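Guided by the hints, dock chain B with the ligands onto chain A, whose structure is given.
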Amino acid sequence: MTSSSNPKSELGFGTQSVHAGEARQKPNDAITDSICCASTYTFESTQSILDYLKENHDREEYGRYGNPNEKVVERKLAVLEGAEDAIVYSSGMAAIVGLLMCKLSAGDEIIFFDQCYHRSREFCVKHLSRFGVVTHQVKTGDMGAMESAINSKTKMLVSESPTNPHLTVIDLESFVAIGKRHGIETLIDSTLATPYNLKPIEWGVDYVWHSATKYMGGHNDLLAGVICGSTQKLEPVRRLRGILGSINSPHNMYLLERGLKTFALRMERHNHNGQRIAEFLESHPRVQRVYYPGLESHPSHAFAKKTMKGFSGLITFLVKDADWKQTAAIIDKCKIPRIGPSLGGVESLIEQPMVMSYFDYPSEQREQFGIYDNMIRMAVGIEDTDDLIEDLRQALEMP
Amino acid sequence: MKFRTRAIHIGSEPDATGAVVPPIYLSTTFVQPGPGDWGAFDYSRSGNPTRARVEKTIADLEGAAGSLAFSSGMAATHCAMGLLESGSHVVAGCDMYGGTYRLLHKICNRNNISVTLVHADDAAAIAQAIRPETKMVWVESIGNPLMSVPDLEQISQITNKAGVLLAVDSTFVPPCILKPLDLGADIVMHSATKYFGGHSDCLAGALSAKTPELHRQLYFIQNATGGVIGGLEAFLLHRGIKTMELRVREQSKSALAIAQWLESHRSVARVLYPGLASHPHHQRAVRLMGDQFGGMVTFDVRGDIETAKRLCKATELFGLAVSCGAVESLIEQPATMSHASYDPAARAQAGICDTLVRISVGLEDPEDLIADLDRALAIAGGA
Ligand SMILES: Cc1ncc(COP(=O)(O)O)c(C=O)c1O
Ligand SMILES: Cc1ncc(COP(=O)(O)O)c(C=O)c1O
Numbered sequence: 378m379t380s381s382s383n384p385k386s387e388l389g390f391g392t393q394s395v396h397a398g399e400a401r402q403k404p405n406d407a408i409t410d411s412i413c414c415a416s417t418y419t420f421e422s423t424q425s426i427l428d429y430l431k432e433n434h435d436r437e438e439y440g441r442y443g444n445p446n447e448k449v450v451e452r453k454l455a456v457l458e459g460a461e462d463a464i465v466y467s468s469g470m471a472a473i474v475g476l477l478m479c480k481l482s483a484g485d486e487i488i489f490f491d492q493c494y495h496r497s498r499e500f501c502v503k504h505l506s507r508f509g510v511v512t513h514q515v516k517t518g519d520m521g522a523m524e525s526a527i528n529s530k531t532k533m534l535v536s537e538s539p540t541n542p543h544l545t546v547i548d549l550e551s552f553v554a555i556g557k558r559h560g561i562e563t564l565i566d567s568t569l570a571t572p573y574n575l576k577p578i579e580w581g582v583d584y585v586w587h588s589a590t591k592y593m594g595g596h597n598d599l600l601a602g603v604i605c606g607s608t609q610k611l612e613p614v615r616r617l618r619g620i621l622g623s624i625n626s627p628h629n630m631y632l633l634e635r636g637l638k639t640f641a642l643r644m645e646r647h648n649h650n651g652q653r654i655a656e657f658l659e660s661h662p663r664v665q666r667v668y669y670p671g672l673e674s675h676p677s678h679a680f681a682k683k684t685m686k687g688f689s690g691l692i693t694f695l696v697k698d699a700d701w702k703q704t705a706a707i708i709d710k711c712k713i714p715r716i717g718p719s720l721g722g723v724e725s726l727i728e729q730p731m732v733m734s735y736f737d738y739p740s741e742q743r744e745q746f747g748i749y750d751n752m753i754r755m756a757v758g759i760e761d762t763d764d765l766i767e768d769l770r771q772a773l774e775m776p
Numbered sequence: 037m038k039f040r041t042r043a044i045h046i047g048s049e050p051d052a053t054g055a056v057v058p059p060i061y062l063s064t065t066f067v068q069p070g071p072g073d074w075g076a077f078d079y080s081r082s083g084n085p086t087r088a089r090v091e092k093t094i095a096d097l098e099g100a101a102g103s104l105a106f107s108s109g110m111a112a113t114h115c116a117m118g119l120l121e122s123g124s125h126v127v128a129g130c131d132m133y134g135g136t137y138r139l140l141h142k143i144c145n146r147n148n149i150s151v152t153l154v155h156a157d158d159a160a161a162i163a164q165a166i167r168p169e170t171k172m173v174w175v176e177s178i179g180n181p182l183m184s185v186p187d188l189e190q191i192s193q194i195t196n197k198a199g200v201l202l203a204v205d206s207t208f209v210p211p212c213i214l215k216p217l218d219l220g221a222d223i224v225m226h227s228a229t230k231y232f233g234g235h236s237d238c239l240a241g242a243l244s245a246k247t248p249e250l251h252r253q254l255y256f257i258q259n260a261t262g263g264v265i266g267g268l269e270a271f272l273l274h275r276g277i278k279t280m281e282l283r284v285r286e287q288s289k290s291a292l293a294i295a296q297w298l299e300s301h302r303s304v305a306r307v308l309y310p311g312l313a314s315h316p317h318h319q320r321a322v323r324l325m326g327d328q329f330g331g332m333v334t335f336d337v338r339g340d341i342e343t344a345k346r347l348c349k350a351t352e353l354f355g356l357a358v359s360c361g362a363v364e365s366l367i368e369q370p371a372t373m374s375h376a377s378y379d380p381a382a383r384a385q386a387g388i389c390d391t392l393v394r395i396s397v398g399l400e401d402p403e404d405l406i407a408d409l410d411r412a413l414a415i416a417g418g419a
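Protein sequences appear in the order of chains A and B.
Following the numbering used here, the numbering of the first sequence begins with 378 at its first residue and continues without gaps.
Following the numbering used here, the numbering of the second sequence begins with 37 at its first residue and continues without gaps.
The hints are simulated quantities; they were obtained by calculation from the structure and are not laboratory data.
On a predicted model such as this, the values are computed, not experimentally measured, just so you know.
Cβ coordinates follow ideal geometry from the N, Cα and C atoms, glycine included.
Among these hints, one or two may not hold up.
[Said to hold, decoys possible] Only part of the chain B face toward chain A is listed, based on derived beta-carbon distances under 10 angstroms: (1) Leu-272; (2) Val-363; (3) Asp-401; (4) Glu-403.
[As the list claims (entries may be wrong)] Listed next, the in silico DSS-like pairs over lysine-lysine satisfying Cα-Cα at most 27 angstroms (straight line): (5) A:Lys-712 / B:Lys-289; (6) A:Lys-557 / A:Lys-686; (7) B:Lys-92 / A:Lys-710; (8) B:Lys-38 / A:Lys-710; (9) B:Lys-289 / A:Lys-686; (10) A:Lys-610 / A:Lys-532; (11) A:Lys-403 / B:Lys-349; (12) A:Lys-530 / A:Lys-516; (13) A:Lys-503 / A:Lys-480; (14) A:Lys-448 / A:Lys-516; (15) A:Lys-712 / B:Lys-38; (16) A:Lys-516 / A:Lys-557; (17) B:Lys-289 / B:Lys-349; (18) A:Lys-403 / B:Lys-345.
Chain A on its own, in the form it takes in the complex:
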């Protein structure tokens, strides 16, 4: 390939995962990118600073504004997402905070679907409110309710798809249509889907947000977040990141780039394992209900089929006639998945949302969020499918 280029978009997803965003010929002819740890970058002379300021050269200045490793990852993620631009942050939460702090001002309102990552809700409800931003929550997927909540102050419509942990898939066509009708920007947290399965930009969504800590990094060994969108809309967001300082580190960016090389392969496997395990659980007598978009029984299966290529590795299920302790006993009995929060890595993780994320909430409020005592969330990794199924079977069937 010639000098530096993004492979053309007609190249396969696997090819882009390996090559997109990288210079073909790298410094010292290395096959992989070097890790550039510098906190600051020097200029040859005063004149070169003046040239840089005047002509806005594409070069580094100070580590808080960007570094070469972060830029490679941003280009790669933009290509994979089908977006013009991408901005990477030190975590998923830093990314949403960076975007909302840029786009919202006192008096503005945003509307959320109510199923969402609990910290996104907490940031908006507890902290954005201190800056005079009002958050409305409406029932997930209820487009009518979302549209009626809109008023002249509404600035952004926000949803996950699929949602965490209920795996509700949003009809992006209607969601985007509401935004367009009212001239309001839309944001999708696509962490659980990833661009391998879902491309919200193609549906007309303005901003796509990911916790890149999850499937993108893929090895449970780095924190990162990303916002994708148009160059024009993201320009002020990037400037604000330079002030807020939530950039990621060159070391982490190298690991993220490395993780993305196997992105297509890992996602294919997460999809495969997720579907097989969801089907197993659904057929098991001790399981009351399975939330997985790839199952016909899932309420938003139709939207899932309409918008997604596969359904990733997150599965939530309810244990039949079990209280929270009996549910916990099943988790404790599993030998392969480790107990812990997060998802999207090669190793499977399992947890009880009521214990892991909602233990401090009163039980009525948990019920309101749809978090039940007998709920288990499994983040299926890329281990051998049969090993995982056998492990779940023995845990469910313990004496």
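Only chain B with the ligands this time, still in chain A's reference frame:
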């Protein structure tokens, strides 16, 4: 548990922090309970927690009594050669990595160690070459670069009977496809720089021993000579191993499709890939390896040395570089690159001709890779 599950979990057991990914220990030395009273680790050349974890994973995947991780494949090979003594004789397959050739003929020879090269796919030739002083038979489980496939089962019977060590460089055939120890080998060596690391970003080597005694002897040499892997590389290697089975499965699938396509191309005179029915030892490869044969494919272009050079320069997705087994596809000319350290006469005798081209198939979409080769073959314009 199956291979992929073990690759992810064995060696990554939780420590006191509960970390899903074990910490990286860069510490060179460790505080001891008392003088002469040794803790689990004392000095990182002798043992390091991060290295110990990846060694545990590799030993499990190879079915070994124990494994050792090195700073490169050559450091591992050199350690294995440390089992030899002045006067020892080695029988080695001639279809062999250039660096191993160089080590045997230009370094080991200084210690009065002699080598006989034979075609490793001919077990009878190996049996014939064994002499009373022979201490080791060294073969590659798929030869680099001519893709010869030795019959490891038959060879191990010969070496067992003769009381000779069988050491297998299995760099081209990772343990998710073939486990030489199960077939009777005594030592497996990997340039873990390749499929194990898998991302072209850490140099590493591994030795796995069939018996605890052999493991002990090799560990003694490793500690005495010091070619150990560092903590950061051990971490990257361990991270790579978690996706190895997925990567190799995909690479094998793509390589077979590409080999079949090359075989039908008019500018290609001959394709060497054990997965092709036309490979002289295809049946043997199927018996030993099943339905996966790795990502390395060698072929002869019609034309001369210049045609091969033009081809290597013309690809856009395949990078022009030595090494192999990683996520990005590579192309190279063995005669001038990976096997330049052979003596020209020995190279010719081994059959490594100037029109030979070697590719390492990565994780790109195979259709994109075929389109790239098609374009490059047209530019190279064979005879
Ligand atoms: C759906 C979803 N969005 C956002 C986040 C926040 O990302 P991070 O943990 O990288 O800050 C998480 C995870 O924790 C998540 O699961
Ligand atoms: C078959 C084979 N054996 C050994 C080696 C040497 O390994 P390393 O380069 O890691 O020292 C290589 C690679 O270069 C190889 O291809």
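Structure-based check of all given hints:
1. Leu-272: Since chain A brings a Cβ to about 8 angstroms from Leu-272 of chain B, closer than 10 angstroms, the hint holds.
2. Val-363: holds, 4 angstroms
3. Asp-401: Hint holds; Asp-401 of chain B Cβ to chain A Cβ min 3 angstroms, cut 10 angstroms.
4. Glu-403: With a closest approach of 7 angstroms, the Glu-403 of chain B hint holds.
5. A:Lys-712 / B:Lys-289: violated, 32 angstroms
6. A:Lys-557 / A:Lys-686: Cα-Cα ~25 angstroms, so holds.
7. B:Lys-92 / A:Lys-710: holds, 25 angstroms
8. B:Lys-38 / A:Lys-710: Given pair Lys-38 of chain B, Lys-710 of chain A holds - Cα atoms ~19 angstroms apart, limit 27 angstroms.
9. B:Lys-289 / A:Lys-686: holds, 22 angstroms
10. A:Lys-610 / A:Lys-532: Holds: Lys-610 of chain A and Lys-532 of chain A sit about 14 angstroms apart, inside 27 angstroms.
11. A:Lys-403 / B:Lys-349: holds, 16 angstroms
12. A:Lys-530 / A:Lys-516: holds, 20 angstroms
13. A:Lys-503 / A:Lys-480: holds, 18 angstroms
14. A:Lys-448 / A:Lys-516: Not OK: Lys-448 of chain A and Lys-516 of chain A at ~38 angstroms, beyond 27 angstroms, violated.
15. A:Lys-712 / B:Lys-38: Status holds; Cα separation ~14 angstroms.
16. A:Lys-516 / A:Lys-557: Judged against 27 angstroms, a Cα distance of about 20 angstroms means the pair holds.
17. B:Lys-289 / B:Lys-349: holds, 25 angstroms
18. A:Lys-403 / B:Lys-345: Status holds; Cα separation ~21 angstroms.
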